[in-house]
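Q: Chains as they are written, first to last, in numbering that gives the first Met the number 0: chain Y, 0 to 359; chain H, 0 to 162.
To be clear, the hints were calculated from the coordinates, so they are not data collected in a lab.
Being a predicted model, the structure only gives us computed values, none of them experimental.
Some hints here could point you the wrong way.
[Stated by the list, open to error] Each computed DSSO-like pair below joins lysine-lysine, with the alpha-carbon atoms no more than 30 angstroms apart:
1. K157(Y) - K15(Y)
2. K159(H) - K157(Y)
3. K159(H) - K330(Y)
4. K330(Y) - K160(H)
5. K157(Y) - K68(Y)
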Amino acid sequence: MSPSPLAQELLLALAKIAVVVGALLGLFSLMTWVERRLLAFMQFRLGPNRTGPLGILQPIADGIKLFFKEELMPEAANRWGFLAAPVVSVTTALLAVAVLPYGPPFSLPRWGFLPAWLQGRALQLQIATIDVGLLFIFAVTALGVYGVVLAGWAANSKFSLLGGLRSSAQMFSYELALGLSWVGVIMLAGSFQISDIVNAQAGGFWRWNLVVQFPAFLVYFVAATAEVARIPFDLPEGETELVAGFHTEYSSMCFALLQMAEYINMITVAVLCTNLFLGGWHSGIPGLPGEGLAGFLWWGIKVSLLLFVFIWLRGTLPRFRYDQLMHFGWKVLIPVAAVWILVTATGVALFPGLLRVASR
Amino acid sequence: MDAILFYAFAALAVASALVVVGQRNPIYSAFALIVTLCSLSVIFGLLGSPFIAALQVIVYAGAIMVLFLFVLMLLNVRREQDAPERGGRTLRGVALALVTLLVLQAGAVVLRYERAAASGFDASTRKMAEVLFSPHFLYVFEATSVLILAALVGAVVLAKKEL
Chain Y
0 MSPSPLAQEL LLALAKIAVV VGALLGLFSL MTWVERRLLA FMQFRLGPNR TGPLGILQPI
60 ADGIKLFFKE ELMPEAANRW GFLAAPVVSV TTALLAVAVL PYGPPFSLPR WGFLPAWLQG
120 RALQLQIATI DVGLLFIFAV TALGVYGVVL AGWAANSKFS LLGGLRSSAQ MFSYELALGL
180 SWVGVIMLAG SFQISDIVNA QAGGFWRWNL VVQFPAFLVY FVAATAEVAR IPFDLPEGET
240 ELVAGFHTEY SSMCFALLQM AEYINMITVA VLCTNLFLGG WHSGIPGLPG EGLAGFLWWG
300 IKVSLLLFVF IWLRGTLPRF RYDQLMHFGW KVLIPVAAVW ILVTATGVAL FPGLLRVASR
Chain H
0 MDAILFYAFA ALAVASALVV VGQRNPIYSA FALIVTLCSL SVIFGLLGSP FIAALQVIVY
60 AGAIMVLFLF VLMLLNVRRE QDAPERGGRT LRGVALALVT LLVLQAGAVV LRYERAAASG
120 FDASTRKMAE VLFSPHFLYV FEATSVLILA ALVGAVVLAK KEL
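One chain only, chain H, in its complex shape (with noise of 0.2 angstroms):
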């Protein structure tokens, strides 16, 4: 059963991800970044984490996609116009995709996640609060919010002529 809903739904998100860089319509490529955003939710689900499952919809697909597609929309941005293919650019951008694959592949082999996931590992609510706010996670959890506090302050002062 988990096997069929993984396959599905990572198909699904591989499958629309690829539509996310083909389209050329930007609305388009913005609501299937929306489905790809729900299929990885619903792996992470499958992989016994609905804390982090939930976060991921309400986050990215449902915070940062509305103002993605809210700025779309505002500005009625058009197809993209055609522009004139120069030498490989898409050879490159598969190459980049393959070399990001490899990475993350190795990355993988050397950490041994395959070993931590099959030792059935706890992923709920209550384990994720006690290991994110442990002395070994806390300091770094902290300075990450305080992290994306400058960068809201420092967005809003670029943004606003005048205070």
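Chain Y extracted, bound-state conformation (with noise of 0.2 angstroms):
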């Protein structure tokens, strides 16, 4: 007896929801500890190489660790505020995630031990497919600003405040040049949905969004940068300023809340990278296959060497002074934005060839 079509439509949904969350909580823990690693290494340390082999098992023992450690909170906190910061951080992060396509739709192989209504069937790599995909991952990282202000509002601490301040300031100021930075790319591909734009990008590594919308793809790098804050940008942090900016009071799982959240939202920034401009699970040599397994292989390698491209920044630049930190986002970055969508714009009107819309 197989399930009604909509009970199977759940049922698929529930194991892609659960998959996913599993991976990304694996992949957050897993890069706690080869960013400790990495950045020992750049600096000639050695980082945590005692638990386990190679150190691998830190995470773990972290995680035990923060697991009983006494939950913390001021005196003169807002209580209810204080608690929902790191709950809303991780439900804004976990959200985005569900729109990203990670790998080229394939079916599921005719094994005998799966029920008849699984046999063969034509998955895709990806919780939800709406319309306007990339506009739900805008909102939702537009909503994830409130965790940390909530946050740096709620601990009624100096360092905290300043901490949330800034960073409800700088998110804002990026946001603008981050969405502006889709616009050619969205313009190329007629598409909000994101595996549209990764089909448009088939053909060659020419054909890669990298190449085509090269001023977009830097704009969207630096300003996806800023929106996570990481280093450069980290100065909602800045350590030796705030102390540790908005996240100054908490401790035990709330903190370890928080550290997730920015993880997940720095694996979804590069998983988005890859599909926006590295062409997603294309292999952009002609000839090499990009179907199926081998697409998904594609896909984990760009994403796993732009994730060590934002260790490896953090390991080499300084930090901004926030009067750059605006300048920069509000007269460099939006500005060339702008220009290069009339540039597209320009182009598309001219040279319709140029126009690949997802056939539908």
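Using the hints, put the two standalone chains together into the complex.
A: This is the structure we're talking about:
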């Protein structure tokens, strides 16, 4: 007996959510270890190498420690706001992942142990396929600011409040550049759906948006680094000025949740960059396969490379000053992105052959 | 399914809107307003227009409310002082709300919105763009953007003493 079509869809969606969230949580803890090790190597240190082989069990040890630590809350803190902030952060971070594709569509193999309705079923490697995928991500990241703002305000500490204020100004400024950098990509693909944008880049690496939309890629990369508040844009934390910024007063699991949201956002940004600019799961070299498992591998390699670049940047660059940050965002990134939109629009209007509207 | 979601989020929107008005701590009011805007966005989504739903969150909940909160936190606005309750301020507010509701209802009846909703109109992104950039609305659309630009420039000129 096979379940009704609606139940089938629901079951598949639930399975996808479980797999993606599980993979993200695993990737998050792995990333904390990878980042510490790589940073250590860049600074001629060893990093955590005692727990398990190469120190790979360090995240588990950290998790146990954080779990059994006492949950501290400042006396004058706003109780509900203080507890809600990590929840808001993690929720928005996980929501954004829902519309990201992580591989080409593929069909389940006809294994004997699978129920009949699953055999050979075509699957989208994406939790929700919605009409306005890119806009949904934009909306959810816009809401992500509130987690940080709430954390900074509710703790009722000066360092936290300053961190929260800085982050709201920073994210607000760089969100504009981030959104503008997508417009050219959307115009070329003629769709808001991320999978359509990926398919518009099929063919070869010279058709990737990295090449065709190079200025947009630069703007996106800088703005995305600022959105996830990584060095050189980590002013909301700024440990040499603000102790730890918005999460100064957090400890134990609430701290772990805030940290988790930051890493998940970083992974989201890298995945989005791969899909929008690096051709997603396409190999980029004509002849090399980009379907099924191979496509997933290509995609994984690109995402890992981008994550490595984020860590590399952290090991290389100093922090911006606040006025430099605002100046750069408003007077450099936004004009560049706006001019590039004009150039792309003119090109599309003059040469309709540039338009690669996804077939539907 | 749609009906359940609609009533749940409509109730949430009304409840949080009441919190916005009734709360004396401005920060709580701001957060309640964010909840209202997000639930309205869900209702737009249920009406079959994901584009408007996304814009609602991006523009109102994302951009405008961040500015509100930024100013509230920067000025460190305290709890509103209990102003002396003068003759029927609440009463006048309730009356105004009721009149607004009546006018909106009358407008909906006159313009027959329920018929438009029942006929399954298309509000997808593509359709929206076609309507907005059709000769019928293009002039209004462009004039609005010029108006907003003028307001922006005006705000900068007023706020900056010397340019």
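Q: Given the hinted pair K159(H) and K330(Y), is their Cα-Cα distance within 30 angstroms?
A: holds (17 angstroms)
Q: K159(H) and K157(Y): Cα distance at most 30 angstroms?
A: At roughly 28 angstroms apart (the allowed maximum being 30 angstroms), K157(Y) and K159(H) satisfy the hint.
Q: For a C-alpha distance cap of 30 angstroms, please report whether K330(Y) and K160(H) respect it.
A: holds (20 angstroms)
Q: For the pair supplied as a hint, K157(Y) and K15(Y), confirm whether the alpha-carbon distance does not exceed 30 angstroms.
A: Violated - the C-alpha atoms of K15(Y) and K157(Y) are around 42 angstroms apart, more than 30 angstroms.
Q: Run the distance test for K157(Y) versus K68(Y): straight-line Cα separation, threshold 30 angstroms.
A: Roughly 24 angstroms separates the two Cα atoms, so the pair holds.
This entry does not satisfy hint 1, going by the numbered hints stated previously; all others are met.
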